[in-house]
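Chains A and B, in that order, give the protein sequences. Numbered by the numbering used here, the letters in the first sequence go through residues 254 to 651 in order. Numbered by the numbering used here, the letters in the second sequence go through residues 254 to 651 in order.
Treat the hints with care, since some could be wrong.
It does not matter which identical chain is meant; a pair holds if it fits inside one copy or across any two.
In silico DSS-like links for lysine-lysine, alpha-carbon gap of 27 Å or less [said to hold, decoys possible]:
| id | residue 1 | residue 2 |
| --- | --- | --- |
| 1 | LYS449 | LYS621 |
| 2 | LYS607 | LYS419 |
| 3 | LYS570 | LYS419 |
| 4 | LYS584 | LYS419 |
| 5 | LYS318 | LYS584 |
In short, the hints are calculated from the structure, not lab data.
Number of protein chains: 2
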Amino acid sequence: MTEVIDSRRRKLLVGGAASVVAVAGAAAISPRALAAGEKKSFPSYVAWKEQDSLILHSAQTLETKREAIGASVITPTDRLFVRNNLPAPDESILADRDAWQVTIQGTKQSRTLSLAELKTLGVETVATVLQCSGNGRAFFDHKASGTPWQVGAAGCVLWTGVPVRKVVEALGGVEKGAKFMTSTGGEVLPQGLDPKSLVVERSVPLAAMENALLAWEMNGEPLPLAHGGPLRLIVPGYYGVNNIKYVKQVAFTERETDAKIQTSGYRMRPVGEKGAPDQLSMWEMNVKSWVTSPVTSAAAGRVQIQGVAFGGAHAVKSVEVSIDGGRSWRKARFVGPDLGQFAWRPFVLEAELKPGTYTIASRATNTKGSTQPEEFPENERGYGHNGWRRHAVEVTVA
Amino acid sequence: MTEVIDSRRRKLLVGGAASVVAVAGAAAISPRALAAGEKKSFPSYVAWKEQDSLILHSAQTLETKREAIGASVITPTDRLFVRNNLPAPDESILADRDAWQVTIQGTKQSRTLSLAELKTLGVETVATVLQCSGNGRAFFDHKASGTPWQVGAAGCVLWTGVPVRKVVEALGGVEKGAKFMTSTGGEVLPQGLDPKSLVVERSVPLAAMENALLAWEMNGEPLPLAHGGPLRLIVPGYYGVNNIKYVKQVAFTERETDAKIQTSGYRMRPVGEKGAPDQLSMWEMNVKSWVTSPVTSAAAGRVQIQGVAFGGAHAVKSVEVSIDGGRSWRKARFVGPDLGQFAWRPFVLEAELKPGTYTIASRATNTKGSTQPEEFPENERGYGHNGWRRHAVEVTVA
């Protein structure tokens, strides 16, 4: 694996993930290297990431360390988690960003628009929590398959792009009968396999269009390849998988796509059951929070207990913190500017802690009145965990 | 000059600016190299910067290109301007950030606190416009000495740290009679010269303490050396020079410091006059805005005219855009979340432009009712320019 070394971020990265991982799902990191605790090299498409802040689970899955999340209003791009369902396309798709094309279908006029054309139609910036459906998978008791994410398959990001509704307006509106927005990623599919079993194509309810963005920037810079550049669909309040990278088509459809990732993938189901279209799809996120500092130890005296909280599809309203494993709770204070309905809010609770061991938990409530439960039901794929007990940390104060 | 090449940002930078520039004010870049248009290497302490987005004026002055400012709510750290009055200290001061010490004086108790102790006293995040007093110097007619900044000696940054008032509270409050907050930077002063002529020590009115922060993070990451890490004083609404880097002392004083940078430096004065303490000090910023896109050319048709606007010491209230050199104005729309009183707000005006040449200007108004003037008075050092006419851009639409 060639790691390109350069001081300028996201520049001069040659080749793409395709040259690193030839087949979807193959592990670029040998289990032996992991077991030996060797220093792992990051694949070239994420070589610019802040290595000390991330856990490299595989070539396509990087998790932000809990203590590296800090109490920031936004997650710096170089600390943000990465999760690709397929290897990223070749870096060459970023050579001429404005030339990237996306086809819009299911509108009065169907059209293929370049990114340069999209930029003339409008501009908006929205902060959203980007979170993998499986964030918190490690906290389930059964051994769910997939990356054992703890809390770091999530971040809060500023996206800049054109609102999808502005594009739709320019094309005469959505055709009658459409119930879903169905979008397709531009990943290169391996030959010889059924495309429907691999393509990253997701349908979300049409209503999600209202807040959706076709984004070309994140945190004020052009979208890097690892995060879907040159163009990504952002569906605020929805789980990560619905935020299609390298988006090449957005269609307004009567039915959900028959791609496997939609029909049986990303479905909430009892342990042991197969995925099916009648199960809950991983669309809107639920309310959630976790402590980011302290995580393991602290000096006795005044301690600033910090974390992040978000409301899912609705704004977060409040968050409580417990230092006694949930027996008593105190209301925490939000820190920093409010970036809007779909952003997370850092929080802090100041506490005087004597030497001892503390189980520190947090519990958020959103504006719809939903509060994090103590436990979350086991489910086959380990999705959607927002139970506060398993998200708690054990902190030694000395 | 050794440029350390590494894919991990802000890591493994060896040496410091001191090894690049031995004496304050010395130019590390030869005029010959500049004249020849050669590719300039960035000094090691800023080698991690996004080189294509910045203009390297000297080893201690980097400006963000106008078109790289974009319409972002915050300025990515790797695109933010740099202006150091003295060479940055050695990178080794970041080896143990929590051990950094700052002395607080002029409070009931005087104390030296470590960064680790500061972190126990409170935490807040504030977005501020960081702007050099000389931003816009290039737009004055007389040849003011100093870096010929255009618009890019400014950015909007999220700072995280402890409010100064929380520190002061913990030390029993400010002593009677104090009228200023006087803070000192930790730069290493060259031997054999009068320290008062070089030290970066600035006094601001005591009232500025209310919003001030001792910050250890910017944009969610530990403060880099180039921007004052491990600890920087942030004075929201005040010009950059008051935001002391490597801050090692904060004193509450009856009088302004007698350091040269305060007594005669950073004073607003008529052309040809020497600096003196009775002239206006570069404290609170004024209301300002500029267009960031398009800057030189655009395709005919619908165009999203974008820029940034801020109110200075007061929040920005509105911004107007003119496409005819100021003969007529239309109200622009703010884009993205409002990060608070001291942040800038990106704006957009959608216009249908036929082929031709347009002089595009913007004019902001703050909540105190101040509006950008058409012209700004010439002054000796070229400070504080917020005249809208000179900030306009000439755009060819074809």
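Hints versus structure:
For the identical chains of this complex, LYS449 and LYS621 are neighbours neither inside a copy (37 Å) nor across copies (59 Å), given an alpha-carbon limit of 27 Å. Proximity of LYS607 and LYS419 under a CA criterion of 27 Å is satisfied inter-copy only: 22 Å between copies versus 56 Å inside one chain copy. For the identical chains of this complex, LYS570 and LYS419 are inter-copy neighbours only, at 26 Å across copies versus 30 Å inside a copy, given an alpha-carbon limit of 27 Å. In this homomeric assembly, LYS584 and LYS419 come within 27 Å of each other (Cα to Cα) only across copies, at 20 Å, whereas the closest approach inside a single copy is 40 Å.
In the homo-oligomer, the alpha carbons of LYS318 and LYS584 lie at most 27 Å apart inside one protomer (25 Å), although the nearest pairing across protomers, at 44 Å, exceeds that limit.
In this structure, the one hint that does not hold is number 1.
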